[in-house]
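Asker: Listed below are the residues making up each chain.
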Amino acid sequence: MEALKQELKENIIEQLNLEDMTAEDIADDDMLFGDGLALDSIDALELIVMLDKNYGIKLTDPKEGRAIFESINTMAAYISEHRSK
Amino acid sequence: MKKVYINSIASISPQKTFDSSEFLNEIIIHEDQVVFAVEPVYKDYIPPAAARRMAKGIKMGVVASKMALREAGLEQVDAIITGTGMGCLRDSEKFLSGIIDNNEQFLTPTSFIQSTHNTVGGQIALELQCKGYNFTYVHGSNSFESALMDAKLQLELEEAENILIGGVDELADYTTKLNKIIHHIKDKKTSSHNLLDSKTKGAVFGEGANFFVLSNKKQATAYAEVVSVKIFNTLSESDVAETALSFLKENNLTVEAIDAIVLGRNGDVEFDGFYTKLSLSLFSNTPQICYKHLIGEFNTASPFGIWLASKILKTQNVPNVLKWNEKNTSSYNTILLYNQYRGENHSFIILKSC
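Chains A and B supply the protein sequences, listed in that same order.
Sequential numbering of the first sequence, starting at 1, is according to full-length UniProt numbering.
Sequential numbering of the second sequence, starting at 1, is according to full-length UniProt numbering.
Same shape as in the complex, but just chain A (with noise of 0.2 Å):
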């Protein structure tokens, strides 16, 4: 779980372009929207579809995103419960 949260983070990092910051910079439980990492809608669309391209897992419910993609703490999680690759 440990690795995948590093990953995850390094993934974050590098797919939406966040100069200047480092997987050390992100705790586990950050906000990723609103007041934490303050990323927006686009960065919704970035993360599904990495989701998607590196675990196998389809969102189809906007509404469970939301929940999802609460921190990297609840990204983990339904990662390695989802996952198919």
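Among these hints, one or two may not hold up.
[As the list claims (entries may be wrong)] Within a straight-line C-alpha distance of at most 35 Å, the following computed DSBU-like cross-link-like pairs (lysine-lysine) qualify:
| hint | chain 1 | residue 1 | chain 2 | residue 2 |
| --- | --- | --- | --- | --- |
| 1 | B | Lys16 | A | Lys5 |
| 2 | A | Lys53 | B | Lys94 |
| 3 | B | Lys2 | B | Lys249 |
| 4 | A | Lys63 | B | Lys131 |
| 5 | A | Lys53 | B | Lys180 |
| 6 | A | Lys53 | B | Lys177 |
| 7 | A | Lys5 | B | Lys43 |
| 8 | A | Lys53 | B | Lys43 |
| 9 | B | Lys314 | B | Lys218 |
| 10 | A | Lys63 | B | Lys94 |
| 11 | B | Lys94 | A | Lys58 |
| 12 | B | Lys94 | A | Lys85 |
None of these hints come from the bench; they were simulated from the model.
None of these values were measured; they are calculated from a predicted model.
Chain B: place on chain A using the hints.
Answerer: Positioned in the frame of chain A, the structure of chain B alone reads:
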């Protein structure tokens, strides 16, 4: 009709031109087939959250526009008109490569959104919250000139008072490779020192963003008056001199009235003949100025010529590195600019001191 003035100028180029207090005081000699822009510290101008999705061309355009607005002392303009030959190439390449690499699956939105040709104009408008006229011209090496012509007409007819115009193009790896394959980029590395005399085919490619605030109200900061602009898609080498002469006549000027001619000569032996036609005949006694050995060739390189002509008119100084011949004049009041790329998209512009 109202007169049109260049009230402020800003340039990001392969020379250190982003510091507008200087005028090519320190020259960077490039040795490669492609020359990259010297970038300012973008964070000083764009919030990191906004900058993270911007490729180099967008950043250069947004920052150059901010520099031009700052110099003009304006927070808002009536219109934003941009010219770009190839648009946001880096994101276009990223988006298209993504389609191929992922077998048309997993397409992400960011590079697509940022890949459109009018992204720079759009980003500037978003930053300024400018809801006025916003137009991007994509006309090869006449892209900026088309923007200039549009702005000039609007200002002359008082449809607007202050217009931000600019030209921007960026280098991108894959397109550079293609331009090498088709020999539009020189086969061998060439130094800025001897580029214009290289007598080889192709050009050294560059990139940059040059922005200006044009107005029908002359400010204390004004650099020049834009007297006339004329563009031609096609023009034969044998007609260039006659066309230049007609252009001057249309503006009630003679060759003798031109204090300097700024030529877009780029060291491509196949197409520099257009410039030679002017430099060896009509303007053989006129101070001649060249600049593409410093910044390379790109579709919107010509506004760099306007940037330096504006500087010359204001400072009455021509850095030696720009001089193509030994002719001098006591004062620079009227400057003619001529540019073309690969024998197409010719432009003639007259700037006058104000």
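Asker: Work down the list of hints and note, for each, if the structure agrees.
Answerer: Each hint, compared with the structure:
1. The straight-line distance between the Cα atoms of B:Lys16 and A:Lys5 is roughly 43 Å, outside the 35 Å bound, and the hint therefore fails.
2. Taken as a hint, the A:Lys53 and B:Lys94 pair is honoured in the structure, with Cα atoms around 17 Å apart against an allowance of 35 Å.
3. Taking the CA atoms of B:Lys2 and B:Lys249, the gap is near 21 Å; set against the 35 Å cutoff, the hint holds.
4. Restraint check for A:Lys63 and B:Lys131: the C-alpha separation of about 33 Å stays at or below 35 Å, so the hint holds.
5. Straight-line distance between C-alpha atoms of A:Lys53 and B:Lys180 comes to about 34 Å, which keeps the hinted pair within the 35 Å bound.
6. At roughly 29 Å between alpha-carbon atoms, A:Lys53 and B:Lys177 fall within 35 Å of each other, so this suggested pair holds.
7. The hinted pair formed by A:Lys5 and B:Lys43 meets the criterion: a straight-line CA distance of about 29 Å does not exceed 35 Å.
8. Of the pairs offered as hints, the one joining A:Lys53 and B:Lys43 holds, with about 32 Å between alpha carbons and a cut-off of 35 Å not exceeded.
9. Straight-line distance between C-alpha atoms of B:Lys314 and B:Lys218 comes to about 14 Å, which keeps the hinted pair within the 35 Å bound.
10. For the hint pairing A:Lys63 with B:Lys94, the CA-to-CA distance comes to about 30 Å; that is within 35 Å, so the pair holds.
11. Restraint check for B:Lys94 and A:Lys58: satisfied, since their Cα atoms lie roughly 23 Å apart, inside the 35 Å limit.
12. With a C-alpha separation of about 25 Å, the suggested pairing of B:Lys94 with A:Lys85 holds against the 35 Å cut-off.
Against the hints set out earlier in the document, a violation occurs for number 1 only.
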